[in-house]
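Chains as they are written, first to last, in my numbering: chain A, 1 to 399; chain B, 400 to 586; chain C, 587 to 685.
Read the hints as simulated data drawn from the structure, not as lab findings.
From the three backbone atoms N, C-alpha and C, an ideal C-beta is built for every residue, glycine too.
Please note that a few of the clues may not be correct.
[Stated by the list, open to error] To spell it out: a stretch of chain B is covered by chain A in this simulated footprint if at least three of its residues, at any positions, have a beta carbon under 8 angstroms from a beta carbon of chain A; those stretches are:
#, stretch
1, 431–441
2, 534–543
[Stated by the list, open to error] Estimated spans, in silico, between C-beta atoms of each pair:
#, chain 1, residue 1, chain 2, residue 2, range
3, A, D127, C, D655, 22 to 30 angstroms
4, A, E247, B, V553, 32 to 40 angstroms
5, B, E550, A, I236, 50 to 58 angstroms
6, C, G663, A, P210, 41 to 49 angstroms
7, C, S680, A, Y224, 57 to 65 angstroms
8, B, E460, A, I236, 33 to 41 angstroms
9, A, E55, C, D622, 53 to 61 angstroms
10, A, P210, C, W638, 29 to 37 angstroms
11, C, W612, A, N258, 39 to 47 angstroms
12, A, P189, B, V553, 37 to 45 angstroms
Each chain is listed here by its residues.
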Amino acid sequence: MQIIETGNTAAALGVKLARAQVIAAYPITPQTPLTEKLSEFIESGEMQAEYIPVESEHSALAICIAATSAGARSFTATSSNGLLYMHEQIQWAAGARLPLVMCVANRGVGAPWTIWNDHQDSISQRDTGWIQIYANDHQQIIDSVIKAFCLAEEVMVPVMICYDGYILSHTHMPFDVPDSEKVDAFLPPYRPPYALDPADPSNLNTVTMPDGRADVRGDISLGYMEIRHLLQRDMIEAVPALERVEERFQSVFGRGGNPYVEPYRCDDADYIAVSLGSLSYQLHDVVDTLRDEGVRAGVLSVHLYRPFPDRIIAEALNGCSGVVVFEKALSYGYQGPLCSDIKSALYRHAEGRPFVTNYILGLGGREITTQDLYEALKASCFPDGGAGEETRWIGLRFL
Amino acid sequence: MKSDNIEIRWHGRGGQGAITAAKIVAKAMFTSGYTGVVMVPTFGTERRGAPVFTSLKVSREKIYDLSPSKEPDIVVVLDHLLLEEEDITQGLKHDGLVVINSPLAVRSYRFNGSRVAVADVTDLSVKAGLPQGMVNSGIIGSFARAAGLVELDVLLKTIEDEFIGRKPGENSRAAQLCYENTIMGGL
Amino acid sequence: MPTRDYRKKISLSESGPGDAGKTGSWRIVRPVIDPDVCIPGRRKAPACYICWLYCPDGVISRSVPPRIDYQHCKGCGICAEECPTKAITMVEESSFIKE
Ligand code: SF4
Ligand code: SF4
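Here chain A stands alone, though its shape is the one from the complex (with noise of 0.2 angstroms):
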């Protein structure tokens, strides 16, 4: 059923669609609509779920732990500083290997204290063992929500659903809902592959060794060090994985397409423009707009950052001579971490290295016009057109 509501409502009708068992959250704008919806269905009986209220985002996701260790489907939510705040359970969730989903409504990090858009906050938990998804529009935030437990699920790695705050998560525009059944079929209920369980007692993740050592049955237990190796095997193996749950996903809803990354007028570009979210959709028109004058310009919008599917990107920008990274996230004392990973791919995969140009912008919600970007990727379209290889900033005034 076509609908037109809010990015927050697509997450929320999402994790319901999903059957979630187990919701903890504490608001924060702008994520907080959101959970405040999943707790409008729980109440009408609309969804049959646990909602446990919390005092932090520490909690909130401590309890998400708990309960996916027990076996239950859980989501949280949250943005910015609360996300932040999570952080120690973050790296917790995913060295426990619990297929937890979380939603992040996009939003600027303190101090100074900003409530608007911009992806420092999810960007800054890149390294936590996390799958992270950037969802361009109402459509991919519903149907990567009910995709990410499925993936989270077959990999047992947890996943990050990441969009816009404000942009997304408060702008209205049409999506279809999918129907109840299909969702049932496409994601049966949650079958852990070992649940807590006060009849069979064990510790989780207690004190591992620099080594490995025997358990009571006179097994090896991995030590440290093998553990967080298989997390990363199993994050490597989560690309193919996503391949795998696109296509069962496709072939039960009729749409989808490529999960990693959405290229745009790529073929035969000359110079592609690479951004996460809603942003590489403004930059449609800005594209357009170039070829109407001649200029072969496309965008890469990247779907999944982590794992970081270096060879598909590298491939999709093979061929070009320019690549113009936007970024609305920065490595402070370095460049944006996208521009990073884009260099370190094509470093590894590409033949001819392109001329790769860093913009940041929409720090902490400053407007993104579509002419400045015009003017960026215009001046990055000719290597002598002032763009150089430093990173440079979009709409700064004042300075």
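With chain A fixed as given, assemble chains B and C with the ligands onto it according to the hints.
Chains B and C with the ligands only, in chain A's frame:
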């Protein structure tokens, strides 16, 4: 940047229902075959009584650019007193349209090169049986009359669906009354 | 994911002796229960078992009298500390080697 989009900016006060009004029009236009419908509200500073605006972009194709409209084709004003506080016509296209809820006559308004449509939505909505100050369904009627983008029937049906359990009949009547009593002028 | 595979990927420990291997080799003092002082020993019936409850390695049995699995007892002395009748004495390991 796309010229085939229609952009409608709604000005109201926090709590007045400008967002609901824009949402209803969005739904009605989607039903009428506009596949691209995006409504971007003012972000983060909604307080009761404070001036707010929301941008509605519609197109026959999917809309990729979610940035707020800079050059609206149509501006809808839910409270004529906002004209004294805000530059509501900022960026308005030269042959644009301004729809105002006002008790004043249409000739009191003149915006360079734009058409103006006026109805006393506040008064007409009370006549339709709504409590004082509920103007968001009524203004849709005036918008429908002035803009001619969407059939009144579709709008009335959408209003009734939206206000289910909250005086759907009166809301629909308010829109009908405002449709009939909107006076066009300007240029 | 099969349970077996999954259990490999996390650190999971079950209660019972041997979770850290043959920890009996760690011991420098050995807990020895005097059955004439120990409550179940004296009553010839199950009782007390404070030592069983406190032993961090789960190596004391709930038998009459309680028995200690010396392959895994690491000699921490908690049982001796907690025993309400002081039935457990910690004895130098070297004295057993001399015998
Ligand atoms: S705690 Fe002491 S008295 Fe109680 S069962 Fe153990 S050895 Fe015996
Ligand atoms: S000394 Fe006592 S408490 Fe410690 S491991 Fe040995 S039996 Fe258990």
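Inset, instruction - Provide an ascending list of the numbers of those earlier hints which the structure does not satisfy. - result: 2, 3, 6, 7, 11
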